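There are 2 protein chains.
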Amino acid sequence: MKIGIYGYGNLGKGVELAIRQNADMELMGVFTRRPPESLSLLTEGVPVYAADRILEFKDSVDVLVICGGSATDLPQMTPQLAQNFHVVDSFDTHAAINTHFSAVDEAAKESGHVALISAGWDPGLFSLNRVYASAVLPNGVDYTFWGKGVSQGHSDAIRRIDGVKDARQYTVPCEKALTAVRNGEAPTLTTGDKHTRECFVVVEEGADKEKIAEQIKTMPNYFADYHTTVTFVTEEELKANHSGLPHGGVVLCGGTTGADNEHRQLIEYRLQLDSNPEFTANVLAAYARAVYRLAQRGESGCRTVLDIAPSDLSPLSSEALRAKML
Amino acid sequence: MKIGIYGYGNLGKGVELAIRQNADMELMGVFTRRPPESLSLLTEGVPVYAADRILEFKDSVDVLVICGGSATDLPQMTPQLAQNFHVVDSFDTHAAINTHFSAVDEAAKESGHVALISAGWDPGLFSLNRVYASAVLPNGVDYTFWGKGVSQGHSDAIRRIDGVKDARQYTVPCEKALTAVRNGEAPTLTTGDKHTRECFVVVEEGADKEKIAEQIKTMPNYFADYHTTVTFVTEEELKANHSGLPHGGVVLCGGTTGADNEHRQLIEYRLQLDSNPEFTANVLAAYARAVYRLAQRGESGCRTVLDIAPSDLSPLSSEALRAKML
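Same order as they appear, the protein sequences are chains A and B.
The first sequence begins at 1 in the working numbering and counts up by one.
The second sequence begins at 1 in the working numbering and counts up by one.
The shape of chain A in the complex, shown without the other chains (with noise of 0.2 Å):
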């Protein structure tokens, strides 16, 4: 199948990477907001094009993975785009999912397009183990934890203050929460016990440190409700000790079986993620495979990741997979 790329940050070159991976799948282009001459991509021979030039390639591109912001971004784009393309996105702000998926649903539908919503790890892969554990575990309370991972939007808001350079911010999952939970203990969680927030700091010279400690430890909605670290650093020590883009997460449920109750099974899903947007990408592309496979059905509509089975993330046929994996 013919994938095409709208828009090549982080994001988009984890999808042109991930496209590698898959013998079944070929780059068709990469369509930019940017100058495309001002693009250099990984892989040789694939061109680039000014995305307003997109509907020139309405019959070349099976599927379109959009790569886009979930701010302002993919909620114009996405529904736009649906009108014209098999589309796949990784709209990620969960509460306004569901407005996003009727714009796109019916985008989708009256073009007789599929589109599929919010694909990655969470939401996208933390979301089905959410609901495979609490269809399994009827009673089961669940949880997620993040990291340990690198915060973009925690970092920027470090970088806002004044006197700072630059700064990395990290979520760490509390231990001693994750073993509570771990051993059935069911207990009462916010974000803030769930979570530590460690901050590398580059400051300006002669900036006051404890003045931006105070400022980051003390933000609302970011820091305040959080035990925040802060540590200073070089330029230099930043460059080469916090450049990643590491992630990951835990999601937990734990429920019980038995007459009374007497039984506790826990379910536990957890990723370990040593580039965050590289695996987002790599699920974004099993997904662009579904909806290929949902198209050439003649489906149309919005679809999320919970509406898709698994058999048609696969390049193995149902009997290979039912051999192989089952």
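Derived from the structure by calculation, the hints contain no laboratory data.
Since we're looking at a predicted model, the values are computed, not measured.
Glycine is no exception: its CB is placed at the ideal position from the N, C-alpha and C atoms.
Treat the hints with caution; some may be incorrect.
Said to hold, decoys possible - Chain B stretches covered by chain A per the calculated footprint, using a threshold of three residues with CB under 8 Å from any CB of chain A:
#1 17–28
#2 278–288
#3 313–323
What the hints assert, rightly or not - In silico BS3-like cross-links for lysine-lysine, where the CA-CA straight-line distance does not exceed 25 Å:
#4 K176(A) / K148(B)
#5 K176(B) / K217(B)
#6 K176(B) / K148(A)
We have chain A; now place chain B onto it with these hints.
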């Protein structure tokens, strides 16, 4: 939906308890090959019928959950019952799944019923995770570890030895192998490298313990290829400390992404179960819901867990799932 249970051993009892946890399900009856009056259910007011009367209930069962053994029961029962009922089974002979699938598919298609085979956790939830992980990490290597848990087959094998009164065998995942996989070392491991076997054995008076231990440790297929420990206990100790049926295990998939495969990505799925049959039963109940939904949509034929979208397992609507779980 009205659920019938066909077969009332540990698994059937588990399904009875699982139905209590699902507000949209009702147990309409239990079918048994034993004299019906010899069974006493955990639930008051639910009738027990002789298995050979099953066809009388063709119109009063929405989904029949078949709780028979994989060796001889299910290969006969499931294709036969699928001629008249929507059914779910837990067929777990991995090597024979495609054969079983074909027989059930033919019967179900011909009669216009929906059948789902091989539900449970392995095959079942573990299979799902193997498929999801391999689709997301095409170059990934996956590993399945079982335990710590009771293997009924291995316990039975010990019981057949002369002089043995009773026995309980635990399959235990090897921590060193698990750690190597979690560290991304992608080791080559045999089943024997991944597991050790712990045996708790009660012998008859005057039995030769040394000889029995030797017979266990050298038993081909079951123990010879494993690091096996044998501990002799009294009947009381076995009852007090080893009467449960815990189990569990881990599916791990490690792969890489990046232009030079420089980023390691790890997916881990872990189950820790106090009761293997009750957890399996809960999985069967969730898939009974999916079978009911497919039947309502007019589908027919055989399915496995790989063919079912996660949303069909949940009592919640798609919109509620997107709002609460995605």
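Here's how the hints hold up against the structure:
no.: 1; hint: 17–28; verdict: holds (count 4)
no.: 2; hint: 278–288; verdict: holds (count 6)
no.: 3; hint: 313–323; verdict: holds (count 8)
no.: 4; hint: K176(A) / K148(B); verdict: holds, 23 Å
no.: 5; hint: K176(B) / K217(B); verdict: holds, 21 Å
no.: 6; hint: K176(B) / K148(A); verdict: holds, 23 Å
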